[in-house]
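Top to bottom, those sequences are chains P and H. Taken in order, the first sequence gives residues 1 to 390; the numbers are from the numbering used here. Taken in order, the second sequence gives residues 391 to 1435; the numbers are from the numbering used here.
Check each hint, because a few of them may be wrong.
Unchecked claim - Just a sample of chain H residues kept apart from chain P, beta carbon distances all over 10 Å, derived:
id, residue
1, ASP520
2, ARG546
3, ALA813
4, PHE1060
5, TYR1079
6, GLY1300
7, GLU1360
What the hints assert, rightly or not - Below, computed lysine to any residue pairings styled on SDA-like, alpha-carbon distance capped at 20 Å:
id, chain 1, residue 1, chain 2, residue 2
8, H, LYS614, P, GLY300
9, P, LYS260, P, GLY277
10, H, LYS839, P, ALA94
11, H, LYS1230, H, ALA1018
12, H, LYS614, P, ASP296
13, H, LYS1174, H, ILE1197
14, H, LYS1346, H, ALA1361
15, H, LYS614, P, LEU344
16, H, LYS660, P, TYR377
17, H, LYS614, P, THR299
18, H, LYS614, P, ASP325
19, H, LYS614, H, ILE510
20, H, LYS839, P, SER93
21, H, LYS660, P, THR299
22, H, LYS509, H, ILE468
23, H, LYS660, P, GLY300
FYI, nobody ran anything at the bench for these hints, they're computed from the structure. In this text, a Cβ means the ideal position worked out from N, Cα and C, and glycines have one as well.
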Amino acid sequence: MSRDAYVLLEDGTRFDGLACGADTHAVGEVVFTTSMSGYQEAMTDPSYAGQLIAFTYPQIGNYGVSESAMESSRIHARAAIMRAAVDYSDAPSADCGWLTWLEMHGIPAITDLDTRELVRHIRDEGAMRGGVFPGSMSEAQARDLIAAEPSMQGRDLAREVTPAQRFSVDGDRWQNVSRSDGSVFGGESVRIALLDTGVKMSIVGELTRRGAHVTHYPCTVSSDELLSSDADAFFLANGPGDPAALDYVVGTVRELVGKKPVYGICLGHQLLCRAVGLETYKLPFGHHGANHPVKDLATGLTEITSQNHGFAVLGPDGSGRIEGDEPVRWETDFGAAELSHVNLYDRTVEGLTLLDVQGGTIQYHPEAGPGPNDSLYLFDRFVNEIRNGR
Amino acid sequence: MPRREDIHKILLIGSGPIVIGQAAEFDYSGTQAARVLMQEGYEVVLVNSNPATIMTDPEVATTTYVEPLLPGPLEKIIERERPDALLATLGGQTALNLAKNLHENGVLERYAVELIGAKIDAIERGEDRDLFRETMLEAGLRVPRSAIAHTLQEGRAAVEEIGLPVIVRPAFTLGGAGGGVLYEMADLEKVIGRGLDASPISQILIDESVLGWGEFELEVMRDKTDNVVIVASIENLDPMGVHTGDSVCVAPQQTLPDRLYQQLRDQAIKVIRAIGVETGGSNVQFAVNPATEEIIVIEMNPRVSRSSALASKATGFPIAKIAARLAVGYTLQEISNDITRATPASFEPAIDYCVVKWPRFAFEKFPGAEQGLTTHMKSVGEAMAIGRTFRQAFGKALRSRELDAEPSFPEDTEELLARVAKAGPERFDHLLEALRRGHGIGQLNELTKIDPWFLRELQAVATEPEAAFSGERTFKSVDTCAAEFAASTPYFYSAWERPRPLGPGGVALPAHEVQRGDRPSVVILGSGPNRIGQGIEFDYCCVHAAQTVRESGRDAVMINCNPETVSTDYDTSDRLYFEPLTLEDVLGVCEVEKPEGVIVQFGGQTPLKLAAGLRGAGIPILGTTTDAIDLAEDRARFGPLLDELGYKAPPYAAARTPEEALQRAPEVGFPLLVRPSYVLGGRAMEIVYSVEGMQNYLERVGVIGSAGVSGKSPTIYLDRFLEDSVEVDVDALCDGDEVWIAGIMQHVEEAGIHSGDSACVLPPHSLGEEMLEEIRAHASGIAKALGVVGLLNVQFAIHAGEGLHVIEANPRASRTVPFVSKAIGLPVAKLACRIMLGEKIAQLGLPAAVATGHVCVKEAVLPFDRFAGTDVLLGPEMRSTGEVMGIARDFPTAFAKAQAAAGARLPSSGTVFLSVADRDKSAATAIATQIHDMGFTLLATRGTATALARMGIPAKAINKLSEGSPHVVEAIGAGEVDLVINTPVGTGARSDGYEIRAAAVAHRIPCITTMSGGIAAVRAIAAAAHGEPDVVSLQELYAESASVS
Ligand SMILES: Nc1ncnc2c1ncn2[C@@H]1O[C@H](COP(=O)(O)OP(=O)(O)O)[C@@H](O)[C@H]1O
Ligand SMILES: Nc1ncnc2c1ncn2[C@@H]1O[C@H](COP(=O)(O)OP(=O)(O)O)[C@@H](O)[C@H]1O
Ligand SMILES: [Mg+2]
Ligand SMILES: [Mg+2]
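Isolated chain P (complex conformation) (with noise of 0.2 Å):
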């Protein structure tokens, strides 16, 4: 029964594998994540749409996948490349299996080949283009997808994902969902305008339980219509893609700052920060797992914190490594901006306050799904800014 298929890269390198999920290929940016858990989560976040992930655990699937897991309404991915996976469905948890599920969706998916190789390949090469295709395609064939494959670089992905019309969620149907805390927050409510480049429900799901009322906007939405609506403040995604790209995003947001305030999580920090006038830079290869340590410089403390981004905010000095610990500042078009996080791994930008206007931004997700709840915290202290004022 088991069909042969193979991952290309643009490069030429080849993983040879079998096929599972989806009898189909699919070509896209090869990425991999490290996280051990959560594959459902990543194959739903819209912030992979456009990617192929490669899964550096080698058991992918072992407990299904279930309704609770859904980051997003669908898969983005566009395939799953794994050296082990299993399709039990009789996991406690589980609603349907793994590879079922994909089949499903119609996402391709690879097992049996040594990730790791690739892992490390595509970590000495950078990311790059690739695809997964039925051992029966011709490689010359492959190429030809590839190389029709726009790169990543200058990619509006955010349009493809963002919601045709606006829409609106109130807490009631996150208030059960279970923290390990198991606390439900109270405070009387607020309204947040959330620029809805691929959000994951996560993190509308932190909002509502705080008592936030979230609209949805696409990301086409004008700088007026969200400025005459009722929000109390302005929330910017995460999402796929390219942040220079979204310059029409970016001219937006630069209508919203200063007027009330503005936060943004991954793509959002970046849309933010590019609004602001600091620049973005892809990458070698992104940072894609739950294990990264990130010092929030106001406490002193060292999160472990979810990562799933292929650009970052350069630095003051324009350098793209902030050494020290200090929280460094930049001179923005809209006053001072402070150095909040910084990730001790690469030492990258994770995070920023606005002095002189009010908003912030982190570039990693402190909403995890998956991954660790350390910073969880964000959720408050954005909440709370935007119910108290600073």
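Go by the hints and put chain H with the ligands onto chain P.
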């Protein structure tokens, strides 16, 4: 924050002898800690009673004490050394309890010693079951419904309230000693009583049972700025109810969805904060109900533990090293991950492989003992395997176990399933068999509560074992980051992958991650999982070999599969291959390493078994040739050799069949010592006094034989048993021509008690110079005749009438090498290794005679308390798990120290019970007189009492068990006896002697079973009357010896 400047001298406590639940992992952690603290420029004062440890090597610490781990000696050391701080979190339960004790009796305060790592209140919150509960509840965490009991009455009440079954967990014990599951009221007194006895503060926790839930462990680290990281998650395949130490485990956890795993993570962090462990590593255990997702906290150890060692080896994250740095003030962020070098230690390892840990049991050595696995630990060692997939790891773990006999399975299905349902040492073998026979996942999940994911994976392992190993063997590195960063780790494991992929332009990517360099390499084969007869002593020798190879300018390459050891620390060698010790796996490594040679002399029997195969494959064996090894091991070849040399050996015969054995027995002459060939630790070895005894032995052991003891044909050896003989052990070096005697050890117990189980003395305390000369001559004669290049161990028995006999010669490192090295202050294994690398004895600059101004005694530590139901008698079958060393100016004091260190608390006053075999009656009167003169009350069985009365020694007679109440077993139970001296009259199970000895062990009263042992003990008691003996450091001793010679 940088290192603390306000402390300069740190006292580090080790964990003492290897016992079940506390093994070599604490040598690994203690050694790492000592090294780190030295590097940081602190003075380190190290105490450990176990000589077979790397941590007690004189260069590891500033000052090293091999002294009993008891408050008395510790206070003397503190008084002498005046340390500023005490680090007790790396020496297991022993160190932790000792620290607590030193705090309570005011010693720490008196000498202003600060506890670093964990403070006393954290230790108490973690270890005191009651406080722990409260703390968890305050932190909003769930614990099993439970009650504390200090008496039987409280116990009964609790059980009635909670409802059966209940789990009994004694406070402040290790490896769950004394704990168990109470299923029915009928056993209440037995189970609760055992628990209360085991707990030093006679406190037990009676828990609601969550048998069958999933069991998980998280390894947590915290620094003093409150940063916390989880180093690893470990999942037990055996659900709750089987001690984690006895469970087959996998890392990382496999079956929990991310959301649920993160809840465990959050709770683990809450636990370490609530308990308040300031800095360092802790281990938190959870029970998880997979269906309801309920989580219950089972326990936390506020110290580095067995699981920490496992987690370190499984991830490459050096927990002990980092714990030590944290203890002196550093923060996680300030410590760099020495694997990636690029990243700090404040991260959580991401791994891209699976790790399976497998326990090693020794039930075969304890006939009559209950074989079931339960909440108190019974395994004596463990093997770890790393594979790219769970199936690969599991398959490698199966290979790593090195079973002496392949398990056999019952035809009958019911029987088979029964063994699957009840956890026992061979549970997983039976489970695989059941899967092979086609039993369904559902049914087996019902029976075992093992998660279906594991059952499905095991199904694949059972039905197509080879499938996981298709493709090519490639060596991958353990890098803590799943290849996200380039790593320079010298730590590898074999993985099977498809033929390696093609890189750009069709160029093949490299097959292995090993960066071999061009220095010549030498492969050192380790000793695999610890087991009785092959323990830490051999790992000690392997580590010394690695150090020597490195010093010689070659690359030391270590192959081993035991996570509890120093040898599997990735910076012990230049390259570590964490692999099973089978011919195939070793050859795989040799293919990549192209070694100059392989060293098989230091890892015990395990590497020796591979020697011939390696040579067959054209791999050079360094040192003694494989033929010489065989010549010594094959009794049929060794006998004639001794004859040629004109050395006496006990008359013997080799029989191929039981029939032949029966027929040859009388020819050789009774009593006979009978055993199968090629075994270490005297497995299946017994003394038989008659043809009937022989018959009976063959029925029992002949079976093992045909099951193939270590795969060899069941040849049965008959040796005339030399009664009343003094046993002597010799370790010697030989370079093929010249011989150097490193040490002669005289055993305290007579021949017939396995050398590994008897106390021994260096230098000999009662052998004349002539005899010593003869011993030296014989040892050298044998060494030269065999053509030994490296180490040789010879065992002799000196018969009262017939003089010196050779019992056996082992052309390899012996169990006594570390003891001898510590005693004479010369690294014998290192010297042997230099010889194997080509040096001559003449070049080693060795002293003609080793000066010893002191006496060293080695005493064995026995695990009888773990195996209720077995006779506690010593015999030719080795049963000890570990050893301690006592050092003093005179034999009695050294012996007393060794006894104390071994946990036998010799009384200074009170009642001594005496009951001896007729042949011992005369010797007994001598002992009795002394005991009486020292003011003890004598209690004796009728026979002995009358014998004593005849000599005018007053002794109170008391009934044997068989004579009915009030009898001696009751007296022991009532705590009316402080010392038992009982020599066996035959070994009829359930005999009176048996009951007496069992009672003594159960109530932790020293029990001496040989006359020679009794004599030594009495002398020791006399010596102890002079008060707490002085402590002396190794460095002082060696300085002395140097000046003497
Ligand atoms: N309430 C319980 N129900 C069922 N099994 C238990 C319970 N508590 C402990 N156990 C089992 O007993 C073992 C030993 O208990 P633990 O408290 O960890 O003692 P130790 O200090 O020896 O580690 C655990 O590994 C677990 O398998
Ligand atoms: N002929 C003998 N007479 C008396 N005791 C013996 C004799 N042979 C062996 N023993 C005892 O049995 C023990 C184990 O025997 P040995 O040959 O050393 O086996 P192992 O290989 O287990 O060390 C010895 O330590 C010694 O006490
Ligand atoms: Mg435990
Ligand atoms: Mg021996």
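Non-interface claim for GLY1300 (chain H) versus chain P (Cβ beyond 10 Å): holds, 55 Å
* To do: Sort out whether GLY300 (chain P) lies within 20 Å of LYS614 (chain H), counting only the CA atoms.
  => The given pair, whose Cα atoms are some 12 Å apart, holds under the 20 Å limit.
Holds or violated: LYS1346 (chain H) and ALA1361 (chain H), Cα atoms, limit 20 Å. holds, 12 Å
Can you confirm whether the C-alpha distance between LYS260 (chain P) and GLY277 (chain P) stays at or below 20 Å? holds, 18 Å
### Message
Beyond 10 Å on every Cβ pair: is that true for ASP520 (chain H) relative to chain P?
### Response
holds, 25 Å
Quiz item: Can we trust that TYR1079 (chain H) is non-interface, i.e. its beta-carbon lies farther than 10 Å from all of chain P?
Solution: Holds: least Cβ distance 58 Å, greater than 10 Å.
Can you confirm whether the C-alpha distance between LYS660 (chain H) and TYR377 (chain P) stays at or below 20 Å? Distance of about 15 Å is within 20 Å: holds.
*Does the structure keep LYS1174 (chain H) and ILE1197 (chain H) at a Cα separation of 20 Å or less?*
holds, 17 Å
* Between LYS614 (chain H) and ILE510 (chain H), does the CA-CA distance stay at or below 20 Å? -> holds, 16 Å
key: Hint consistency between LYS614 (chain H) and THR299 (chain P) [alpha-carbon to alpha-carbon, up to 20 Å]   = Roughly 14 Å separates the two Cα atoms, so the pair holds.
Pair hint LYS660 (chain H) and GLY300 (chain P), alpha-carbon separation not exceeding 20 Å = Holds, at roughly 19 Å.
Q) Taking the closest pair, is the beta carbon of ARG546 (chain H) still more than 10 Å from chain P? A) Non-interface label stands for ARG546 (chain H): nearest chain P Cβ at 36 Å, farther than 10 Å.
In the structure shown, no violation is registered for any of the earlier numbered hints.
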